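Asker: So the chains spell out like this:
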Amino acid sequence: MIVADQKPINEILGMLERYDKVLFVGCQTCVAVCMAGGEKETGVLASLVRLARQKAGQPIEIDEAAIQRQCEEEFIEPLEADGYQAILSLGCGVGVNKLADHFGIPVLPGLNTGFMGHIEEHGVWAETCAGCGDCVLHRTGGICPVVRCAKSLMNGPCGGYTDDGLCESGTGAPCAWIAIYKRLKELGLLESMTETSPPKDWSKDRFSGPRTRVREDVRL
Amino acid sequence: MGTEKREAHHYTTYAYNAEIKEKRPYPPCRAACPVNTDVQGYVGLIAQGRYEDAFELIHAVNPIASTCSLICHHPCEQECRRNDVDEPLAIRHLKRFALEQATEYRRKKRKPIPQTKEESIAIIGSGPAGLTAANDLAELGYKVTVFERHPTLGGMLSSAIPPYRLSREALQEDIDDVLAKGIEARTNCQIGKDLTLNDLTEEYDAVLIAVGLSLSRSLPIPGVDAPDVLLAIPFLNDVAYGKQPKVGEKVLVIGGGNVAIDVARSARRLGCEHVEMVCLESAEEMPAWSWEVEEAAEEAIEVHHRWGPQAIRVNDGKVEGLEVVKVKSVFDEDGRFSPVFYDDQTSFIPADTIIITIGQMSDLSFLEGTPVEVDERGRLIWDRDTQMSSADGIFTTGEVITGPGSAIAAAANGHRAAKAIDLYLRGEDIKLGLVAEEKETILAFPEELVQKLSKQSREKIVHLAPKIRTSNFDLFEVGYEEQAALMEARRCRTCGGGAIVNAAQCAACLTCLRICPYDAPLVTSKAQMIPEICQVCGLCAAECPGLAINMVSYDAGEFREHMSDIIGDVDPERDAPILVAFRCNHNAGVNGDQLPDNVRPVHMHCVSRLDVLDLLKAFECGADGAYVMICDEENGKYKNVPSRVKKRIEYVRQLISNIGLESERLSYFEAGTHPDEVWRQAARKMTEKVKALGKD
Ligand SMILES: Cc1cc2nc3c(=O)[nH]c(=O)nc-3n(C[C@H](O)[C@H](O)[C@H](O)COP(=O)(O)OP(=O)(O)OC[C@H]3O[C@@H](n4cnc5c(N)ncnc54)[C@H](O)[C@@H]3O)c2cc1C
Ligand code: SF4
Ligand code: SF4
Ligand code: SF4
Chain V
11 MIVADQKPIN
21 EILGMLERYD
31 KVLFVGCQTC
41 VAVCMAGGEK
51 ETGVLASLVR
61 LARQKAGQPI
71 EIDEAAIQRQ
81 CEEEFIEPLE
91 ADGYQAILSL
101 GCGVGVNKLA
111 DHFGIPVLPG
121 LNTGFMGHIE
131 EHGVWAETCA
141 GCGDCVLHRT
151 GGICPVVRCA
161 KSLMNGPCGG
171 YTDDGLCESG
181 TGAPCAWIAI
191 YKRLKELGLL
201 ESMTETSPPK
211 DWSKDRFSGP
221 RTRVREDVRL
Chain X
2 MGTEKREAHH
12 YTTYAYNAEI
22 KEKRPYPPCR
32 AACPVNTDVQ
42 GYVGLIAQGR
52 YEDAFELIHA
62 VNPIASTCSL
72 ICHHPCEQEC
82 RRNDVDEPLA
92 IRHLKRFALE
102 QATEYRRKKR
112 KPIPQTKEES
122 IAIIGSGPAG
132 LTAANDLAEL
142 GYKVTVFERH
152 PTLGGMLSSA
162 IPPYRLSREA
172 LQEDIDDVLA
182 KGIEARTNCQ
192 IGKDLTLNDL
202 TEEYDAVLIA
212 VGLSLSRSLP
222 IPGVDAPDVL
232 LAIPFLNDVA
242 YGKQPKVGEK
252 VLVIGGGNVA
262 IDVARSARRL
272 GCEHVEMVCL
282 ESAEEMPAWS
292 WEVEEAAEEA
302 IEVHHRWGPQ
312 AIRVNDGKVE
322 GLEVVKVKSV
332 FDEDGRFSPV
342 FYDDQTSFIP
352 ADTIIITIGQ
362 MSDLSFLEGT
372 PVEVDERGRL
382 IWDRDTQMSS
392 ADGIFTTGEV
402 ITGPGSAIAA
412 AANGHRAAKA
422 IDLYLRGEDI
432 KLGLVAEEKE
442 TILAFPEELV
452 QKLSKQSREK
462 IVHLAPKIRT
472 SNFDLFEVGY
482 EEQAALMEAR
492 RCRTCGGGAI
502 VNAAQCAACL
512 TCLRICPYDA
522 PLVTSKAQMI
532 PEICQVCGLC
542 AAECPGLAIN
552 MVSYDAGEFR
562 EHMSDIIGDV
572 DPERDAPILV
582 AFRCNHNAGV
592 NGDQLPDNVR
602 PVHMHCVSRL
612 DVLDLLKAFE
622 CGADGAYVMI
632 CDEENGKYKN
642 VPSRVKKRIE
652 YVRQLISNIG
662 LESERLSYFE
672 AGTHPDEVWR
682 QAARKMTEKV
692 KALGKD
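Chains as they are written, first to last, in my numbering: chain V, 11 to 230; chain X, 2 to 697.
In short, the hints are calculated from the structure, not lab data.
Nothing here was measured: the structure is a model prediction, and the numbers come from that model.
Each residue gets a CB set at the ideal place from its N, CA and C atoms; glycine is no exception.
Check the hints yourself; a few may be wrong.
Subject to a maximum C-alpha distance of 27 Å in a straight line, what follows is the list of computed BS3-like cross-link-like pairs (lysine-lysine) [said to hold, decoys possible]:
1. V:K65 with X:K247
2. X:K24 with X:K647
3. X:K144 with X:K194
4. X:K453 with X:K22
5. X:K251 with X:K327
6. V:K161 with V:K210
7. X:K692 with X:K648
8. X:K453 with X:K647
9. V:K65 with X:K690
10. X:K696 with V:K65
11. V:K195 with V:K161
12. X:K696 with X:K686
13. X:K647 with V:K65
14. X:K647 with X:K456
15. X:K686 with V:K65
16. X:K144 with X:K247
17. X:K420 with X:K432
18. X:K194 with V:K17
19. X:K22 with X:K692
20. V:K17 with V:K65
21. X:K647 with V:K17
22. X:K692 with V:K65
23. V:K17 with V:K31
24. X:K110 with X:K420
Derived contacts from chain X toward chain V, CB cut-off under 10 Å, selection only [to be verified]:
25. A505
26. E544
27. C545
28. P546
29. R561
30. G623
31. V653
32. R654
33. L656
34. I660
35. G661
These stretches of chain V come out as covered by chain X in the derived footprint (C-beta under 8 Å, 3 or more residues) [as the list claims (entries may be wrong)]:
36. 30 to 42
37. 50 to 64
My request is simple: use the sequences and hints to build the entire structure.
Answerer: Right, dumping it as structure tokens:
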């Protein structure tokens with residue numbers, strides 16, 4: 011799932027400063043699950059913004075809505091934005107893009123979209139895939155070196171990890187390659203570590219420009 | 002700043018509940034009640050101190066509610082799921098409490114129902130069945146006349162059930178409610194004697210026969226004709242009408258049912274110290290309710306089990322006692338009544354008065370020569386699908402057709418008969434209209450769950466001491482004090498009143514599954530709560546990021562929707578800060594409402610349901626501060642509540658401090674063992690603290 015976090019309230023208040031009638035739109039998919047932008051969080055943020063603006067003597071009118079997925083045109087379609095000066099989206103960045111394409115008014119991001127990740131424990135989310143476009147997990151025991159190794163090494167470990175097995179970069183994260191080593195050992199596949207991985211095809215990564223995917227057979 | 006009793010805010014509306022509850026499986030208490038009273042609904046209202054609302058909920062389905070609150074055999078309690086945890090909820094006694102509290106309210110509400118329909122209906126018999134039908138038909142706008150051969154209305158309730166169990170004042174409240182609707186009651190009017198059935202069919206568009214079982218059965222044994230051999234119903238009639246029937250020094254009651262117990266206990270109250278009973282059955286087989294048997298034993302009434310009456314020994318017109326024979330078995334292999342005796346084992350029980358209480362039958366002599374047919378065994382012929390007798394437009398209801406049962410079952414049948422008559426008079430298909438939907442009942446608590454549920458013993462129901470109570474016919478049972486009623490009401494587990502998921506809103510995030518202390522949620526593609534497991538704590542609804550969860554027994558969104566009404570107008574010149582105070586119904590009930598008037602109390606099932614939105618809303622709607630009273634883990638009704646609620650409060654504190662509001666404006670207090678003290682001090686402490694911070 012996509013994991014996002016609400017922007018600091020002061021930043022949001024800053025974005026909204028010039029408006030006094032705004033629609034807040036939540037998304038009931040990934041960001042609902044990571045408790046950043048579902049219907050509930052939309053309500054909480056709206057309430058907080060109204061309160062802050064009241065306090066500042068500049069009341070704001072906010073209506074709230076939440077749709078199934080902000081990344082789909084058909085779900086956006088029924089939304090009415092007439093009469094609002096702006097929309098604040100609590101979807102991930104994709105949602106903000108889509109709403110901005112659809113409506114002719116400013117669409118503001120309520121969230122900082124973070125990463126693709128999983129839930130480590132209730133209330134704790136961690137990044138587990140970088141969406142690099144050229145997956146290597148078959149060689150690494152299902153542990154992604156692109157995100158979990160600070161240097162995205164393909165043939166680790168670098169040797170710089172601390173005595174307690176943490177990454178030398180000081181992130182406090184455990185060394186991904188020690189984890190890969192242990193996993194491969196458990197799987198009886200340790201000898202695969204002796205094979206050197208070929209250079210990775212980074213052209214499929216997002217740094218090489220926006221990516222699209224087409225499947226001709228399903229196109230309408 | 003004065004202290005006054007401020008109306009607390011409760012928003013759960015019947016409309017919301019009733020509609021959803023109807024679509025859900027019934028809790029076993031409700032399913033067991035012949036009129037399907039929403040037990041958890043009214044018990045929940047009692048827990049909140051909302052006695053008039055509780056009355057409304059009860060009375061909506063039960064026109065003989067006060068009566069039932071004293072004498073109902075309470076099948077609801079027998080089925081209560083708390084039986085598996087400790088003891089059943091004292092449902093009947095709670096009902097009594099609510100009705101007694103609502104007496105004035107109910108009297109004020111009485112008013113005639115306008116007659117909007119042309120047709121008129123004659124009802125013969127004013128017992129629970131006839132009275133209920135009269136109530137419903139009047140409610141529908143028909144002209145209703147009730148004919149009763151006794152001088153009072155109520156059937157067995159007023160003419161036979163002894164007043165030490167059913168006070169006539171309570172019964173009268175029920176009757177007055179029905180009469181107030183504009184029903185004509187013709188007492189001392191026996192059909193078959195003062196008027197004929199024909200007279201009624203000529204004048205009325207429909208007739209309802211609700212004559213009950215008014216004749217006592219006798220025994221075909223020698224000596225029954227002696228003057229001191231009495232029959233139960235005439236004896237109880239005399240008792241009921243204060244005629245003080247004469248009994249000797251040693252009374253023997255033949256029979257082992259509830260009526261026999263009433264007879265024996267009445268004889269005790271007539272001054273006879275030696276009352277005994279004799280019955281065919283063993284103590285276990287005896288048909289009387291166990292509690293009635295115990296109460297009789299407390300009154301020194303002895304029961305001779307497994308003896309069959311053979312002859313009444315009479316000497317010189319005076320009864321000397323009963324010759325009895327030992328019972329070998331009462332029921333045959335198929336469980337049918339078919340007593341077998343040891344003919345060689347006999348005995349003699351001395352007595353100077355014998356009262357035969359072996360059952361009742363109906364008196365249908367008034368049907369002779371009418372089109373209403375009776376079968377070869379003298380029973381009224383009727384159609385179960387339509388409640389109609391063999392004569393068109395003549396309907397029947399109550400024990401005359403169902404056989405002996407309970408008052409509330411007779412009332413339930415009265416409802417059905419009224420419906421049948423209405424369908425008939427409107428020319429609609431009666432059979433089709435009477436088809437009742439099969440209701441599902443929620444299942445028992447799974448065994449693993451029982452271990453997790455907190456125990457709380459049932460509030461004792463006090464009876465007057467046997468010595469005192471046997472000296473008169475006054476009500477022997479004492480009603481709950483308010484504190485006891487509130488404690489008892491809190492014991493209800495609100496079965497089936499729990500979480501429901503709006504699938505369209507559910508993101509399958511698994512929060513509910515992780516947070517539920519009882520493992521009620523099941524999340525596959527969407528969440529689903531298992532009704533028999535859910536304890537209605539509300540923890541999940543407060544944390545669902547999709548706002549997908551609501552409750553059958555309350556609306557999880559009600560506080561945020563109504564927060565501005567709760568707070569009311571905010572005076573910009575206010576001196577004392579406006580505070581919203583949240584607490585659970587239990588604490589609300591047992592602690593009373595004495596609060597300074599700057600505090601807006603909000604009561605709820607459990608504070609576990611308070612979510613971040615509710616708390617923020619208080620500030621958004623103008624509160625200067627807010628606080629929550631939290632029970633501790635040990636004394637709370639539900640698990641894991643304090644830790645969750647404190648975390649939410651901490652989160653909201655952080656949110657408001659981020660926008661420049663002092664986090665101290667939101668606080669909580671732990672109820673501990675002196676919640677009343679804590680509650681009183683909380684208002685004072687918070688008022689001082691927030692006042693120092695200034696207006697928000
Ligand atoms: C002693 C006793 C104790 C009981 N205790 C309990 C208890 O604790 N709890 C409980 O739930 N139930 C109890 N019951 C049962 C309960 O009273 C009955 O289930 C209920 O009264 C039946 O209602 P009904 O309307 O069918 O008939 P009834 O109550 O019998 O009413 C019928 C009425 O019709 C009248 N009538 C009959 N013939 C004519 C006529 N020809 N013309 C005019 N009027 C006529 C009768 O006088 C009577 O008033 C008890 C019954 C008895 C006898
Ligand atoms: S605990 Fe309450 S809801 Fe459950 S069966 Fe008993 S009375 Fe009914
Ligand atoms: S907490 Fe809400 S959104 Fe999440 S699974 Fe449960 S019902 Fe669905
Ligand atoms: S958390 Fe509470 S209300 Fe929700 S499903 Fe579990 S028991 Fe029911």
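Asker: Each hint: holds or not?
Answerer: Right, here's what the structure says about each hint:
1. V:K65 with X:K247: Given that 27 Å is the threshold and the Cα spacing comes to 83 Å, the pair is violated.
2. X:K24 with X:K647: violated (35 Å)
3. X:K144 with X:K194: Given that 27 Å is the threshold and the Cα spacing comes to 23 Å, the pair holds.
4. X:K453 with X:K22: holds (26 Å)
5. X:K251 with X:K327: Holds. K251 (chain X) to K327 (chain X) sits at ~22 Å (cutoff 27 Å).
6. V:K161 with V:K210: holds (14 Å)
7. X:K692 with X:K648: Judged against 27 Å, a Cα distance of about 25 Å means the pair holds.
8. X:K453 with X:K647: Roughly 22 Å separates the two Cα atoms, so the pair holds.
9. V:K65 with X:K690: Within the cut-off at roughly 20 Å; holds.
10. X:K696 with V:K65: Judged against 27 Å, a Cα distance of about 10 Å means the pair holds.
11. V:K195 with V:K161: Distance ~23 Å between K195 (chain V) and K161 (chain V) Cα, so the pair holds.
12. X:K696 with X:K686: Given pair K696 (chain X), K686 (chain X) holds - Cα atoms ~16 Å apart, limit 27 Å.
13. X:K647 with V:K65: holds (26 Å)
14. X:K647 with X:K456: Holds, at about 24 Å.
15. X:K686 with V:K65: Measuring from Cα to Cα gives roughly 24 Å; hence the hint holds.
16. X:K144 with X:K247: violated (43 Å)
17. X:K420 with X:K432: holds (11 Å)
18. X:K194 with V:K17: Roughly 88 Å separates the two Cα atoms, so the pair is violated.
19. X:K22 with X:K692: At roughly 44 Å apart (the allowed maximum being 27 Å), K692 (chain X) and K22 (chain X) break the hint.
20. V:K17 with V:K65: holds (20 Å)
21. X:K647 with V:K17: Distance ~24 Å between K647 (chain X) and K17 (chain V) Cα, so the pair holds.
22. X:K692 with V:K65: Roughly 17 Å between the alpha carbons, so the hint for K692 (chain X) and K65 (chain V) holds.
23. V:K17 with V:K31: Distance of about 20 Å is within 27 Å: holds.
24. X:K110 with X:K420: holds (24 Å)
25. A505: holds (8 Å)
26. E544: holds (8 Å)
27. C545: With a minimum Cβ separation of about 7 Å from chain V (threshold 10 Å), the hint on C545 (chain X) holds.
28. P546: holds (4 Å)
29. R561: The hint holds - R561 (chain X) has a Cβ within 10 Å of chain V, the shortest such distance being about 8 Å.
30. G623: holds (9 Å)
31. V653: Result: holds, 9 Å to nearest chain V Cβ.
32. R654: It is violated, given that the least Cβ distance between R654 (chain X) and chain V is near 12 Å, above 10 Å.
33. L656: holds (6 Å)
34. I660: holds (4 Å)
35. G661: holds (7 Å)
36. 30 to 42: holds (count 3)
37. 50 to 64: As far as the stretch 50 to 64 of chain V goes, the hint holds, because 10 residues have Cβ atoms under 8 Å from chain X.
Consistency with the previously given hints fails for numbers 1, 2, 16, 18, 19 and 32, ordered from lowest to highest.
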